[in-house]
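Peer 1: Let's have the full structure, built from the sequences with the hints guiding it.
Each chain is listed here by its residues.
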Amino acid sequence: MEEKIEKLFRALNIIAMNYLFDQKHNNIDDIKELVPQIEEFVLWFLEKNKFGIEEELYSQMQAYLLQVLEDILSALKQGDQVLLHDAVTYGLMDYLELFVELGQEEKENDNL
Amino acid sequence: MTIYEENLKALSAKYSRMDELIEEAKEKMEPELEIIEEVSYDGEPIIKVQKEGKTCYLNGKRNTKEPAEKWVETLGKLPNNAPVFIMGLGNPSYLKELAEHTKKKITIIIYEPSFQIFLHFLEHVSIAEWMEKHMITFFVKGIKGMDEQAMRGMAGRVLTYESIPFSRRLVLPNYDVLFPDEVLGFVKVMFDIADFELSQYSTQISFSTVTVKNMLDNIKYLCNGYKTIQLVEVIPRDIPGILVSAGPSLNKNIKELKRAKGKAFIIAVDTAIKPLLSEGIIPDMFAVVDGRKPLSLVEKEEAKEIPLLGTLSASSAVLEYHTGMKFFYNEGYAVSDHILLKQDMDFGSVETGGSVATTAFSLLYKIGLPCIILVGQDLAYTGDKSHADGTFADVMKKEDTKNYITVEGNTEEKVPTTEILKLYLKWFGDYIAAAKKYDPNFRVINATEGGAKIEHTEIMTLHDAIEQECTKEVDIQACLKKLPPMLNEENRKWAEEYLDSFPDKFLEVAKSANKTRKLYKKLEQTCKRKNIDTKEYQSLLKKIEKSIKQIEKNEMHQLIDATMINARYILAREQFLYRDSLQEEGKELARQGLIYTENMAKIAILFKEYLEEKKREEKKSMEGNAC
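So the protein lines, in turn, are chains Y and G.
Quick note: the first sequence uses this note's numbering, first residue 1, plus one each step.
Quick note: the second sequence uses this note's numbering, first residue 1, plus one each step.
Quick caveat, the hints were computed from the structure, so don't treat them as lab data.
Hints may be right or wrong, so weigh each one.
DSS-like cross-link-like pairs, simulated, lysine-lysine; straight-line CA separation at most 25 Å [what the hints assert, rightly or not]:
1. G/Lys-437 x G/Lys-28
2. Y/Lys-24 x G/Lys-619
3. Y/Lys-24 x G/Lys-65
4. Y/Lys-24 x G/Lys-51
5. G/Lys-602 x G/Lys-505
6. G/Lys-619 x G/Lys-326
7. G/Lys-54 x Y/Lys-24
8. G/Lys-220 x G/Lys-342
9. G/Lys-543 x G/Lys-602
10. G/Lys-546 x G/Lys-528
11. G/Lys-614 x G/Lys-493
12. G/Lys-493 x G/Lys-511
13. G/Lys-77 x Y/Lys-24
14. G/Lys-587 x G/Lys-535
15. G/Lys-220 x G/Lys-553
16. G/Lys-326 x G/Lys-493
17. G/Lys-304 x G/Lys-261
18. Y/Lys-32 x G/Lys-615
19. G/Lys-511 x G/Lys-213
20. Y/Lys-24 x G/Lys-96
21. Y/Lys-77 x G/Lys-54
22. G/Lys-188 x Y/Lys-24
23. G/Lys-437 x G/Lys-426
24. Y/Lys-77 x G/Lys-51
25. Y/Lys-32 x G/Lys-51
26. G/Lys-549 x G/Lys-608
Peer 2: Structure (structure tokens):
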């Protein structure tokens with residue numbers, strides 16, 4: 001699963017960078033293609049508390065992730081690029097990053 | 001005072017009557033969308049918009065600022081006066097980041113396609129400080145005089161050949177979803193202007209000296225001339241306008257025009273005059289704007305008295321030959337505007353569009369005629385010819401057009417044309433579209449019966465167009481005779497004295513240029529030293545700036561500047577460029593400044609001598625006549 005998460009993270013990261021740095025705001029079609037992978041990750045995360053996170057925090061995280069997913073699906077339906085970017089980049093990717101070694105490494109490098 | 005009131009005050013301080021225009025639009029506003037206010041997770045006010053069944057956020061609810069911060073990061077160091085075009089105010093973070101994090105004073109042009117969003121923005125975001133720091137102009141759909149067309153004019157002024165490499169453009173996310181047509185229009189404006197600027201640069205170089213010489217020769221005609229805005233007072237609005245151009249198709253239906261005489265306001269371009277007069281048709285007016293048009297094109301006795309629409313930069317030989325009423329409009333030259341605005345009369349402008357036909361077309365529209373019929377407006381090499389027979393030659397020779405670009409034709413599937421004609425074709429299409437938006441009843445009939453298809457026109461034969469539209473008798477010459485010259489006696493005398501002061505004014509420029517040159521020399525020496533004295537450097541720059549401003553105040557500066565296109569281009573680019581060190585920057589500034597001021601002084605003296613020589617000749621000729 002971790003490989004799949006990393007792949008998904010990388011794909012979404014490219015779309016987010018295009019949005020932020022190249023002003024390529026039309027992210028709808030690219031993210032639509034990734035919906036099955038996104039849903040798979042959400043289900044996987046919601047399935048059980050795999051990492052022994054404190055239960056209350058885990059419940060909050062579950063609820064928030066569902067909200068993120070709801071925003072993603074609603075944005076795709078409306079063609080809303082802003083909400084989609086926001087939900088993916090500042091919502092879903094924060095979760096994905098927890099499982100992506102690369103993300104951690106990059107953060108560490110940034111701190112150096 | 002509320003944020004809204006503060007903003008109106010800041011706007012009206014910079015742009016007179018803007019507060020009234022906004023209030024006026026507010027009263028007339030018909031809601032076309034719904035703005036839903038929310039608060040983001042980090043406590044920022046955000047909005048989403050509901051329009052035609054779509055709901056879209058204009059700011060992110062988790063992170064409202066980062067997209068704007070990153071965008072500004074990507075812009076890099078923006079140089080002074082760099083033009084930045086933004087479409088949309090729905091997420092004010094973009095403007096905020098740009099205004100607050102750009103050190104140099106830049107030009108920000110904003111187009112908001114929704115008046116409601118603009119109002120919401122004015123009610124919630126304080127802009128006064130940003131407007132102090134930068135040159136910010138707002139254009140908003142639905143506000144009179146501040147709409148897309150006004151933005152086009154403004155964009156044309158700031159998006160120049162020199163500034164294009166430093167310009168930036170942003171369409172806020174989701175605007176293409178909510179306002180697809182407006183986004184297309186906005187982007188098209190940018191591309192059109194850039195295309196036009198690039199094509200005009202080389203023309204400007206070859207025309208610059210001729211333009212100013214013509215200007216100096218022609219400006220005297222303003223003393224007894226007329227202003228195009230006066231036409232509005234006497235031309236009836238229930239007749240059509242006919243624009244006769246000199247395209248190759250003119251020969252097909254020129255005879256028909258006889259039937260329209262006395263039933264329309266017929267304006268011909270200069271090149272169409274000879275063929276028309278040969279057919280016994282005297283147009284009500286003819287237009288000349290080209291500085292290099294040979295006199296032979298209009299050299300016919302009957303042409304002398306036909307009222308003329310002219311520009312001051314038009315061929316002085318043609319204007320001298322012509323003895324009838326001459327109509328002018330505000331062209332943006334400080335020297336002529338000084339005279340044109342002397343009499344308390346409205347500012348009269350005509351869109352030039354780059355050619356004599358586009359200028360004449362714009363005049364007909366501005367007069368307020370409800371329908372314009374185009375004749376000979378091929379904008380293409382119909383039958384492989386550039387112009388109608390009887391213009392430059394009795395029979396125009398055929399050109400080899402096999403490598404020409406082609407465009408959709410009126411009667412043929414494809415017709416050959418050139419890049420420049422294609423630009424005019426675009427101009428016509430865009431201009432008519434904008435005019436129709438403003439007045440849906442405005443009509444343009446393309447009765448060329450050949451040539452390129454012009455968007456938004458009705459294609460008709462000239463016979464049918466005259467039959468349908470030219471139904472009312474009108475005596476245009478009698479109408480025009482009612483008009484007094486634009487200047488009354490007192491102002492005419494003032495204008496003559498003002499023109500007499502030109503040689504002295506040129507001398508003043510030369511003196512000031514030499515003074516500025518000395519400052520540049522000092523700057524050069526300062527920057528050659530090992531350790532630069534920053535205070536001295538800054539003080540010199542201030543003095544130079546002051547001295548240049550002094551020169552720019554002189555109306556003659558604009559004319560001298562126009563003859564120095566190449567030097568101006570180098571300098572204009574210079575203002576956008578950074579140097580690695582203060583010393584290098586100073587040295588480069590001094591080098592360019594020395595070249596520029598030396599040329600300026602030389603040209604000012606040349607013009608002074610030219611005018612003095614002309615005056616002597618005129619005096620001699622008057623004395624000769626008296627003898």
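Peer 1: The structure should be examined with respect to each hint, and the outcome stated for every one.
Peer 2: Checked hints:
1. G/Lys-437 x G/Lys-28: Cα-Cα ~17 Å, so holds.
2. Y/Lys-24 x G/Lys-619: Violated - the C-alpha atoms of G/Lys-619 and Y/Lys-24 are around 68 Å apart, more than 25 Å.
3. Y/Lys-24 x G/Lys-65: Roughly 17 Å between the alpha carbons, so the hint for Y/Lys-24 and G/Lys-65 holds.
4. Y/Lys-24 x G/Lys-51: holds (23 Å)
5. G/Lys-602 x G/Lys-505: holds (14 Å)
6. G/Lys-619 x G/Lys-326: holds (24 Å)
7. G/Lys-54 x Y/Lys-24: holds (21 Å)
8. G/Lys-220 x G/Lys-342: holds (15 Å)
9. G/Lys-543 x G/Lys-602: holds (22 Å)
10. G/Lys-546 x G/Lys-528: Status holds; Cα separation ~23 Å.
11. G/Lys-614 x G/Lys-493: holds (19 Å)
12. G/Lys-493 x G/Lys-511: Violated, because 28 Å separates the two Cα atoms, which is more than 25 Å.
13. G/Lys-77 x Y/Lys-24: Holds, at roughly 21 Å.
14. G/Lys-587 x G/Lys-535: Within the cut-off at roughly 16 Å; holds.
15. G/Lys-220 x G/Lys-553: OK: G/Lys-220 and G/Lys-553 at ~22 Å, within 25 Å.
16. G/Lys-326 x G/Lys-493: Cα-Cα ~18 Å, so holds.
17. G/Lys-304 x G/Lys-261: Status holds; Cα separation ~19 Å.
18. Y/Lys-32 x G/Lys-615: Judged against 25 Å, a Cα distance of about 77 Å means the pair is violated.
19. G/Lys-511 x G/Lys-213: holds (21 Å)
20. Y/Lys-24 x G/Lys-96: holds (21 Å)
21. Y/Lys-77 x G/Lys-54: Within the cut-off at roughly 9 Å; holds.
22. G/Lys-188 x Y/Lys-24: holds (18 Å)
23. G/Lys-437 x G/Lys-426: Holds, at about 17 Å.
24. Y/Lys-77 x G/Lys-51: holds (15 Å)
25. Y/Lys-32 x G/Lys-51: The given pair, whose Cα atoms are some 23 Å apart, holds under the 25 Å limit.
26. G/Lys-549 x G/Lys-608: OK: G/Lys-549 and G/Lys-608 at ~21 Å, within 25 Å.
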